[in-house]
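If you read the protein sequences in the order shown, they are chains V, Y and W.
Residues in the first sequence are numbered from 1 upward in steps of one, following this note's numbering.
Residues in the second sequence are numbered from 1 upward in steps of one, following this note's numbering.
Residues in the third sequence are numbered from 1 upward in steps of one, following this note's numbering.
To be clear, the hints were calculated from the coordinates, so they are not data collected in a lab.
Treat the hints with care, as some may be off.
Here are the computed lysine to any residue pairs in the SDA-like style, where the Cα-Cα straight-line distance is at most 25 Å [stated by the list, open to error]: (1) Y/K247 - Y/T406; (2) W/K200 - V/L19; (3) Y/K438 - V/L258; (4) Y/K266 - V/T243; (5) W/K257 - Y/K382; (6) Y/K68 - W/T74; (7) Y/K198 - Y/A183; (8) Y/K445 - V/W168; (9) Y/K266 - Y/K382; (10) Y/K310 - W/T74; (11) Y/K68 - W/K102; (12) Y/K68 - Y/A312; (13) Y/K162 - Y/A183; (14) V/K257 - Y/E448; (15) Y/K382 - Y/E52; (16) W/K302 - V/W168; (17) Y/K206 - W/I79; (18) Y/K79 - Y/A111; (19) Y/K310 - W/P82; (20) Y/K445 - Y/K162; (21) V/K69 - Y/T406; (22) Y/K417 - Y/K382.
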Amino acid sequence: MNRTLRDPIAYFVFVAPSLALFLTFFAYPLLSALRYGFTEWNGVSPAKFNGLANFARALSDPDFWVSVKNNLWFVGFSVFVQIPFILLIAVVVSALRRGHGFYKTTVFLPSILSTAVIGVIWSFVYHPEAGLLNQLLRSVGLSSWAHAWLAEEKTAMLSVLVTNAWQWTGFYVVLTLAAIFAIPKELTEAATIDGAVGFRRAWYVTVPLIRPVIAVMVLLSVTGAMKALDIVFVMTEGGPYGTTEVMATYMYRQAYKLGDYGYANAIAILIFVFTTALTLAMQYFNRRTEDVQ
Amino acid sequence: MRGKRLVWTLACGVLASGMLLAGCGGKSSGGESGGAQASVQPSAQPSAEKAEPFTITLRHTQIKDTQKKRLAMLQDVVKATENEVPGLKIELDGVEDKVNRFEKLRAEMAAGNPPQIFDLFGGTDTRDYVKAGRLLDVTPILEELGLKDKFYSLAEFTVDGKVYGLPMAGYVEGLYYNKKIFADNGVQPPKTWDELLKAAETFKSKGITPFALASKDAWVINMMMNTMWVYTAGPTSVEDIVAGKKKWNDPDMLDAFKKYETLVKKGYFQEGNLALAYAEQQNKFAAGEAAMVFDGSWANTPLTDPEKSKVANDVGFMLFPALGGPGDGYINGGWSNGYGFSVKVKDNPRELAAVKAFIKNMYNEQMQKRQLLEEGMLPALKLSDTSGVKPIIAEILSVSSAAKGTFPAFDSIVQPKVREALERGMQELLGGRTTPEKLLENLQKVQEEANRGS
Amino acid sequence: MKTTESAGRSVVAASSDARACSGMPLRSRARTFAAWRRWPRHRLFEAVGHAVMLTYVFVTLYPLVWVFFSSFKTNREIIERPWGLPSSLRFDNYVQAWSGSKVGTFFWNSLYVSTIAGTATVLLAAMTAFAITRMRFGRLSKGVSAVFLFGLLVPAGSLLVPLYMLLRELKLYNTPLALLFPYAAFGLPLTMFVIAAFFKSVPGELEEAGVVDGLGAIGLFARVVLPISVPTLVTVFILNFLSNWNEFIMANLFLAKEKYRTLPVGMVAFYDQLNMNYGGLCAAIMFSVLPVVALYAVLQQKIIEGITAGSVKG
Numbered sequence: 001m002n003r004t005l006r007d008p009i010a011y012f013v014f015v016a017p018s019l020a021l022f023l024t025f026f027a028y029p030l031l032s033a034l035r036y037g038f039t040e041w042n043g044v045s046p047a048k049f050n051g052l053a054n055f056a057r058a059l060s061d062p063d064f065w066v067s068v069k070n071n072l073w074f075v076g077f078s079v080f081v082q083i084p085f086i087l088l089i090a091v092v093v094s095a096l097r098r099g100h101g102f103y104k105t106t107v108f109l110p111s112i113l114s115t116a117v118i119g120v121i122w123s124f125v126y127h128p129e130a131g132l133l134n135q136l137l138r139s140v141g142l143s144s145w146a147h148a149w150l151a152e153e154k155t156a157m158l159s160v161l162v163t164n165a166w167q168w169t170g171f172y173v174v175l176t177l178a179a180i181f182a183i184p185k186e187l188t189e190a191a192t193i194d195g196a197v198g199f200r201r202a203w204y205v206t207v208p209l210i211r212p213v214i215a216v217m218v219l220l221s222v223t224g225a226m227k228a229l230d231i232v233f234v235m236t237e238g239g240p241y242g243t244t245e246v247m248a249t250y251m252y253r254q255a256y257k258l259g260d261y262g263y264a265n266a267i268a269i270l271i272f273v274f275t276t277a278l279t280l281a282m283q284y285f286n287r288r289t290e291d292v293q
Numbered sequence: 001m002r003g004k005r006l007v008w009t010l011a012c013g014v015l016a017s018g019m020l021l022a023g024c025g026g027k028s029s030g031g032e033s034g035g036a037q038a039s040v041q042p043s044a045q046p047s048a049e050k051a052e053p054f055t056i057t058l059r060h061t062q063i064k065d066t067q068k069k070r071l072a073m074l075q076d077v078v079k080a081t082e083n084e085v086p087g088l089k090i091e092l093d094g095v096e097d098k099v100n101r102f103e104k105l106r107a108e109m110a111a112g113n114p115p116q117i118f119d120l121f122g123g124t125d126t127r128d129y130v131k132a133g134r135l136l137d138v139t140p141i142l143e144e145l146g147l148k149d150k151f152y153s154l155a156e157f158t159v160d161g162k163v164y165g166l167p168m169a170g171y172v173e174g175l176y177y178n179k180k181i182f183a184d185n186g187v188q189p190p191k192t193w194d195e196l197l198k199a200a201e202t203f204k205s206k207g208i209t210p211f212a213l214a215s216k217d218a219w220v221i222n223m224m225m226n227t228m229w230v231y232t233a234g235p236t237s238v239e240d241i242v243a244g245k246k247k248w249n250d251p252d253m254l255d256a257f258k259k260y261e262t263l264v265k266k267g268y269f270q271e272g273n274l275a276l277a278y279a280e281q282q283n284k285f286a287a288g289e290a291a292m293v294f295d296g297s298w299a300n301t302p303l304t305d306p307e308k309s310k311v312a313n314d315v316g317f318m319l320f321p322a323l324g325g326p327g328d329g330y331i332n333g334g335w336s337n338g339y340g341f342s343v344k345v346k347d348n349p350r351e352l353a354a355v356k357a358f359i360k361n362m363y364n365e366q367m368q369k370r371q372l373l374e375e376g377m378l379p380a381l382k383l384s385d386t387s388g389v390k391p392i393i394a395e396i397l398s399v400s401s402a403a404k405g406t407f408p409a410f411d412s413i414v415q416p417k418v419r420e421a422l423e424r425g426m427q428e429l430l431g432g433r434t435t436p437e438k439l440l441e442n443l444q445k446v447q448e449e450a451n452r453g454s
Numbered sequence: 001m002k003t004t005e006s007a008g009r010s011v012v013a014a015s016s017d018a019r020a021c022s023g024m025p026l027r028s029r030a031r032t033f034a035a036w037r038r039w040p041r042h043r044l045f046e047a048v049g050h051a052v053m054l055t056y057v058f059v060t061l062y063p064l065v066w067v068f069f070s071s072f073k074t075n076r077e078i079i080e081r082p083w084g085l086p087s088s089l090r091f092d093n094y095v096q097a098w099s100g101s102k103v104g105t106f107f108w109n110s111l112y113v114s115t116i117a118g119t120a121t122v123l124l125a126a127m128t129a130f131a132i133t134r135m136r137f138g139r140l141s142k143g144v145s146a147v148f149l150f151g152l153l154v155p156a157g158s159l160l161v162p163l164y165m166l167l168r169e170l171k172l173y174n175t176p177l178a179l180l181f182p183y184a185a186f187g188l189p190l191t192m193f194v195i196a197a198f199f200k201s202v203p204g205e206l207e208e209a210g211v212v213d214g215l216g217a218i219g220l221f222a223r224v225v226l227p228i229s230v231p232t233l234v235t236v237f238i239l240n241f242l243s244n245w246n247e248f249i250m251a252n253l254f255l256a257k258e259k260y261r262t263l264p265v266g267m268v269a270f271y272d273q274l275n276m277n278y279g280g281l282c283a284a285i286m287f288s289v290l291p292v293v294a295l296y297a298v299l300q301q302k303i304i305e306g307i308t309a310g311s312v313k314g
């Protein structure tokens with residue numbers, strides 16, 4: 001037994017292909033990004049090393065900070081608006097006696113569709129004339145509330161965030177439900193006997209018990225919000241005039257519309273750094289509050 | 001059962017490696033078998049490798065719903081070309097026009113691997129690509145086919161006396177207006193700025209959109225803006241700015257932008273225009289809901305198509321009203337969009353033959369006349385007979401010939417970064433986010449930086 | 001549940017109280033009123049809960065339903081009668097979208113790219129997972145694990161630009177391989193961890209039996225381990241398939257030729273091309289959405305299980 005499982009050739013055969021694939025198409029580009037982030041390069045002529053110039057430029061670039069701010073909006077919305085809503089829905093569903101399967105199936109649906117296609121659907125929903133939203137408003141007499149949702153500074157970012165929420169809320173609801181149903185029955189019954197029912201039970205008993213899953217949800221939401229690209233790209237391309245730009249779309253624009261590959265790579269590195277920093281901060285915060293509990 | 005699994009794994013492995021080999025091998029666009037020959041035979045008759053098939057790629061932008069006829073014409077050219085060159089297969093690759101011009105093609109030029117034949121814009125684009133050595137010099141082909149003097153103007157595609165692209169049509173830009181709406185409201189086509197403001201006010205009060213506009217695609221905004229600043233500052237203004245002799249924020253330039261701001265502030269532009277893509281402005285006009293729309297001659301097709309447009313018979317075309325400057329009465333026009341060819345074609349006699357055949361079939365009197373009649377595309381070649389055209393075309397042609405002169409579009413002269421900055425700035429102006437002064441100040445900064453760089 | 005029973009008993013008690021207290025003519029009204037007042041909170045909560053959920057489900061699904069109905073209408077109808085069913089089931093929009101634009105090609109491209117990349121990911125990940133969980137190369141395995149773990153942390157967006165440049169250098173740009181390799185590679189980390197977690201839960205007796213039968217490590221893997229992990233492998237394959245099918249930004253960037261284009265990229269291009277033709281746009285969207293919905297209807301259990309399991313572990 002030991003000999004078979006110590007067979008170096010077999011090990012090599014098993015590990016080498018995936019490692020090779022991964023290193024070539026993942027690790028090498030990562031190193032490449034690190035390298036080119038410190039150069040000035042237009043994609044044609046050889047790259048010129050320019051030290052930290054790109055990073056300095058990013059930090060003083062007002063457009064870059066607008067994109068960072070938008071990513072933070074994303075994070076804020078995901079954590080402080082979506083998550084309470086998700087918990088509410090999950091708790092409601094878990095407290096109902098019937099219909100779990102039906103609700104799970106239906107709310108989960110948007111998360112399996114392509115983000116790009118959802119972007120197209122909702123761009124159409126937000127269309128100023130033929131779109132669902134404005135038609136709805138006009139037909140109930142609220143014509144004054146009709147806007148060019150994706151074209152106005154004030155409403156564009158919010159519209160994109162709502163679409164994003166539409167896509168992912170169901171996914172997290174199902175995730176939370178799985179966690180809620182994993183709570184041992186004894187605990188919920190004990191709580192009921194003690195007199196905690198309905199909302200009070202949910203808040204004081206259920207939610208704390210699913211803390212780990214909530215933490216995962218928050219983590220996924222935050223990393224997702226930092227990485228956001230497809231949805232903004234398809235719906236607004238960062239418009240109107242750059243007010244919905246996020247870091248990833250800004251990076252894309254630098255590379256493909258303006259041919260500034262060095263700068264784009266520097267931004268890519270910054271996205272990674274910011275995401276990691278935020279994640280670590282959350283881990284730290286999580287541990288602190290856990291200790292308190 | 002278990003053995004099957006092993007077989008499956010092996011099969012997948014074979015499949016994967018097969019794909020790998022297929023991908024590596026067949027990817028490079030055909031014609032390897034010919035072998036590179038140093039000299040190009042003038043009368044390209046591929047000799048020994050007659051029947052051996054090879055493929056070249058043709059990148060085009062005729063993918064919109066409204067461009068079906070143009071695509072059909074292109075396909076006819078492709079067929080004729082394929083018939084002339086044995087073994088040739090032309091693969092049509094359609095990409096959206098602005099994506100091709102500003103992103104895909106540019107990136108491919110940077111990488112050095114553009115398609116063999118592609119949709120190309122003259123001016124800055126051509127100059128940049130020639131500098132990088134990516135374009136085929138077609139001057140010898142033109143001489144061979146006797147086409148050199150048949151074109152109205154090859155200026156935008158000529159660099160250092162050599163021609164690198166061939167325009168497929170000419171264009172002009174001006175103000176389309178709905179004759180019926182004007183007549184019903186007792187308004188005469190405006191000839192001055194004040195008349196224009198009065199007309200717009202009349203229309204607005206009747207609930208008619210004065211100017212249809214779709215500004216999500218930012219380049220659309222600059223069609224009218226370009227004409228306006230040339231009117232106030234003169235037809236050589238852009239060249240002077242790029243040469244450093246003039247500034248974006250000079251008072252005569254500022255005048256035009258301020259006038260544009262007036263139109264924005266008074267709400268004369270289509271509502272929600274920042275959310276609408278280009279085709280929507282034609283849609284609005286064609287639905288009879290807008291009085292005017294500033295657009296190019298190419299737009300005559302959707303506006304006068306009786307199947308798609310409600311106002312097909314009421315469309316008129318006029319010059320933008322005079323603004324009281326040196327450029328009044330000029331018209332924005334030129335021959336700036338056509339086809340270019342990859343320099344790599346030179347090393348492959350079969351591909352070169354294909355290119356020649358394409359040029360021959362695309363650029364002849366018959367095809368140009370057909371474009372004019374069916375699509376209202378102004379000819380690039382001098383035609384001996386321009387009869388039988390649609391009334392709107394006749395009107396466009398007469399307006400253009402009555403103009404004081406033509407000037408080229410600004411984006412064929414300025415650097416890409418400047419164009420981007422202006423596009424962004426105009427969207428901000430429409431959104432009320434900036435003022436003409438700030439816009440131009442910023443633009444001048446970008447221009448100076450770009451001038452230093454090049 | 002105890003609460004319901006006790007609540008039920010109190011309802012019965014209450015109604016009999018009411019009957020005793022009230023006068024004859026008002027008997028029935030009083031009974032109903034008293035009964036309402038004693039209505040178990042539980043049932044009220046149920047009703048409200050369902051109402052809330054049904055509203056939420058309706059709001060979630062309505063955009064899709066609206067697009068579906070609109071795909072059968074003319075532009076006129078869409079603007080004038082946005083609600084309500086289409087006046088007739090006309091397939092014009094579908095025909096136009098299919099013939100005018102190359103939906104068939106895009107569909108086929110998405111299908112084979114997703115399938116091949118997904119299969120490759122699952123196979124390679126399974127092999128590696130087996131090696132690091134079962135085979136006795138402790139420290140080496142830890143190192144390999146760490147490498148893939150790192151893959152979970154890095155956002156794909158950061159790698160877009162260098163990946164594009166790499167593909168250019170390898171001359172893979174604008175070929176199907178430009179998507180196959182990255183898709184397969186990017187799916188590896190998560191897939192491997194999920195499969196490894198599964199392997200860890202499988203007892204080792206089966207393998208010992210296999211060794212006794214004279215199988216080598218590769219044989220063990222192919223004949224013993226793989227067959228019993230089929231359910232997990234299928235789930236993980238579905239995850240990868242969906243993720244590849246829906247991917248947009250890389251497909252948009254790494255491919256220029258129309259003939260290789262995938263469905264999401266085609267969709268976005270439609271939005272530009274058909275933006276006046278609302279009916280056609282809706283039909284095009286349906287082409288992309290209906291197959292996924294159909295797949296979901298059939299496989300939803302597995303899909304939900306797989307995604308939630310993967311996320312929790314990740």
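For this session: Would you pick out the hints that fail for this structure and give their numbers low to high?
Result: 5, 8, 9, 13, 15, 18, 20, 21, 22
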